[in-house]
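With the hints as a guide, bring both chains together as one complex.
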Amino acid sequence: MTITATPPGWAEDVLRLVLRRADFDAVSGDLLEEYRDRIHPARGQTGADFWYVRQVIGFAIRSAGVWGALFGVAIVVRTALDWFAPTQDFSVRSAISTYVGIGLLLATGFWSAWRSGSMRSGPLSSMLAASIGSLISVIGATGMLVFFHDARTMNAIAGSGGLSEVFTMPLAMIVDGLVLGTIGGALGAAANAKLRLDL
Amino acid sequence: MADTLGSFEQAVLLAILRLGDNAYGRAVLNEVQARLEREVAAGAVHATLGRLERKGLIASRLGPGTPIRAGKARRFYRIRPIGLRALNEARETVETLWRGLEWPLKGHA
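Protein sequences appear in the order of chains A and B. Each residue of the first sequence is one higher than the one before, counting from 238 in this note's numbering. Each residue of the second sequence is one higher than the one before, counting from 284 in this note's numbering.
Heads up, some of the hints might be wrong.
What the hints assert, rightly or not - Straight-line distance between alpha carbons at most 30 Å, and here's what the computed DSSO-like set of lysine-lysine pairs gives:
hint: 1; chain 1: B; residue 1: K389; chain 2: A; residue 2: K431
hint: 2; chain 1: B; residue 1: K355; chain 2: A; residue 2: K431
hint: 3; chain 1: B; residue 1: K338; chain 2: B; residue 2: K355
Stated by the list, open to error - Only some residues are given here: those of chain A computed to face chain B with a beta carbon under 10 Å:
hint: 4; residue: A263
hint: 5; residue: D267
hint: 6; residue: L432
What the hints assert, rightly or not - If you want the ones that stay clear, here's a sample from chain A, every Cβ over 10 Å from chain B, calculated:
hint: 7; residue: G266
hint: 8; residue: F404
hint: 9; residue: A409
hint: 10; residue: L424
hint: 11; residue: K431
For the record, the hints were derived by calculation from the structure and aren't laboratory data. All C-beta atoms, glycine included, are put in the ideal place defined by N, C-alpha and C.
If we strip away everything but chain B, and leave its shape as in the complex, we get (with noise of 0.2 Å):
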C-alpha cells in the first residue's frame, strides 16, 4: 500500500490524524498549508480526500453546518485502520531508504 501513497496524500491523511474529531474540510486545508508552508488550492485537498476515501484509506459523515458558513455541512474524516497501515509503510520505507546515511547529507549540495 504504501509505494501507491504520495506524498501530498499523506500530508492529508496526517492532517487528519492531527486533527482528530475535528478534521473537517477547511480544518484539513489549513492544517496542510500550515506543514507544507505554502498555500495549497482547495480543489487539491479536497481531490485528495475523495480519492483517499474512495481508496478506503479514510471514512467521512456529515455534521451541522455553521452560521459563517451559512448552515452548509461540514464533512468530518478520519482514518480507517487500513489507512494508519499505510501512513506507517511509508514511514517504514522512508525511512529503510534513508538508513545507513547521515542527515542532512553533506558535500552533495
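So that you can see chain A by itself, here it is in the shape it has in the complex (with noise of 0.2 Å):
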C-alpha cells in the first residue's frame, strides 16, 4: 500500500466535471483507494497513472455517450436522407439538422454543467458528445458506402457536397462543440446555482 502516491490533478479535476456533485466525493475516493492500495504497489507511478486516467476517460465517457449517440444518429440519419432520397433544394434539410445539431450540443452542455455544477463541464461534455457523435457519423457513412455505391447514390452524394464534406465535417463539429458547450454550460450552471440559492 502506498498511501501518499496521487494520481494525475488534472485527470481528477476532469473527473470532477463529469460527475453529479453529490457522487464525486465517493467515486473519487474508491478510485484514490484502488489506485493507492492495489494499483500502484502493482503497476508502479506510471501504470497506475495510465489506470487512474483510463478510469476517468471510462466515466467520462458514459457521461456524454447517449448526447453523443443522439447526435451521431441525427447525422447518419441526414446523411441517409440526402443519399437515399436526394432533393434539388437542401434548405429545409439543412435547416432542421443544423437546429437539431445546436440544440443537442447546447442541451449536452446544460445538462453536464447542471448536474457537475461547473460551467467548466459543459464545454468539455459537449466536445466529448461531438466526438462521440462524429465517429459514429463516420462509421455509419462508411458502412452505408460499403453496401450501397451504384451510380444513382454515387450522384446523390456527389449532388449533396460529395464524400469529403461526409468525413470531414463531423470534425468541425467538435469546435462547434467547444462553443455550444461553453453556453449550455454557462447557463446549467447558472440555473444550478439559483435552484439551489432557491431551495
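The following block contains the structure:
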C-alpha cells in the first residue's frame, strides 16, 4: 500500500466535471483507494497513472455517451436522407439538421454543467458528445457506402456535397461543441446556482 | 422484474449481498472482478449501482472516509426487498430455462 501516491491532478479535475456533484467524493475516493491500495504497488507510478486516466475516460464517455449517440444518429439520418432521397433544395433539411445539432450540443452542455455544478463541464461534455457523434457518423457513412455504391447513390452523394463533406464535416463539429457547450454550460451552471439558492 | 435484470446487474447485486455491511463502491468493484475473473471498469460498476438505485432495487448511505482515500466519504449500498425479489426471479427464470437439460451440455461444441 502506498498511501502517499497521488494520481494526476488534471485527471481528478476532469472526473469532477463529468460526475454529479453528489457522486464526486464517493467515486473519487473509491478510485484513489484502489489506486493506492492495489494498482500503484502492482504497476508503479506510470502504470497506475495510466490506469487512473483510463478509469476517468470511462466515466467521461459514459457521461456524454447518450448525447453523442443521439448526435451521431441525427447526422447518419441526415446523410441517409441525402443519399437515398435526394432533393434539389437542401434548405429545409439543412435548417432542421442544424437546429437539431445546435440543440443537442447546447443541451449536452447545459445538462452536464447542471449536474456537476461547474460551467467548465459544458464545453468538455459537448466536445466529447460531438466527438462520439462524429465517430458514429463516419462509421455509419462508411457502412452505407460499403453496401450502396451504385451510380445513382454516387450521384446523390456528389449532389449533396460529396464524400469529403461527409468525412470532414464531423471534425468541424467538435469546434461547434466547444462553442455551444460553453454557452450551454454557462446556462446550466447559472440555473444550478439559482435553483440551489431558491431551495 | 427478472426480465429487466441484466447479467452484470445480477453480478453487482450478488456482490452487495455477499459483502453485507461492507458493500461500498470499491469493495463491490473488487468483488465483481473476482467473481467474473476479469478487470472491470470502475465506471461500469458505478453506472450500474446508480441505475439499480434509480430502479429502487438498492439503497445507499454515505459513511466516513479513511486516510487511504484522503478522507473522502464512502457510499455504502444495501439491497432492498424488491432487489431480493428480482434476484430470486432471475434465478428462477434461468433454472426454468435449464430444467430437463443435463449440464454441462455435450455434443454441441
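Comparing the hints with the structure gives:
Between K389 (chain B) and K431 (chain A) the CA atoms are separated by roughly 65 Å; this puts the pair beyond 30 Å, and the hint is violated. Our distance criterion of 30 Å between C-alpha atoms is met by K355 (chain B) and K431 (chain A), whose separation comes to about 27 Å. A threshold of 30 Å between alpha carbons decides the hint, and for K338 (chain B) with K355 (chain B) the separation of about 26 Å falls inside it, so the pair holds. Interface hint status for A263 (chain A): upheld, as the beta-carbon distance to the closest one in chain B is roughly 4 Å, under 10 Å.
Because the smallest distance between the Cβ of D267 (chain A) and any Cβ of chain B comes to about 4 Å, under 10 Å, the interface hint for this residue holds. For L432 (chain A), the interface hint is violated, since its Cβ never comes within 10 Å of a Cβ in chain B; the closest pair sits about 20 Å apart. In this structure G266 (chain A) is not separated from chain B by more than 10 Å, as the shortest Cβ-Cβ distance comes to only about 3 Å. Residue placement check: F404 (chain A) keeps its beta carbon more than 10 Å from all beta carbons of chain B (closest about 30 Å).
Remark: the non-interface label on A409 (chain A) is consistent with the geometry, its nearest Cβ contact in chain B lying 29 Å away (cut-off 10 Å). A cut-off of 10 Å between C-beta atoms confirms that L424 (chain A) is not in contact with chain B; the least separation is 25 Å. Separation of K431 (chain A) from chain B is adequate, the least Cβ-Cβ distance of about 25 Å exceeding the 10 Å criterion.
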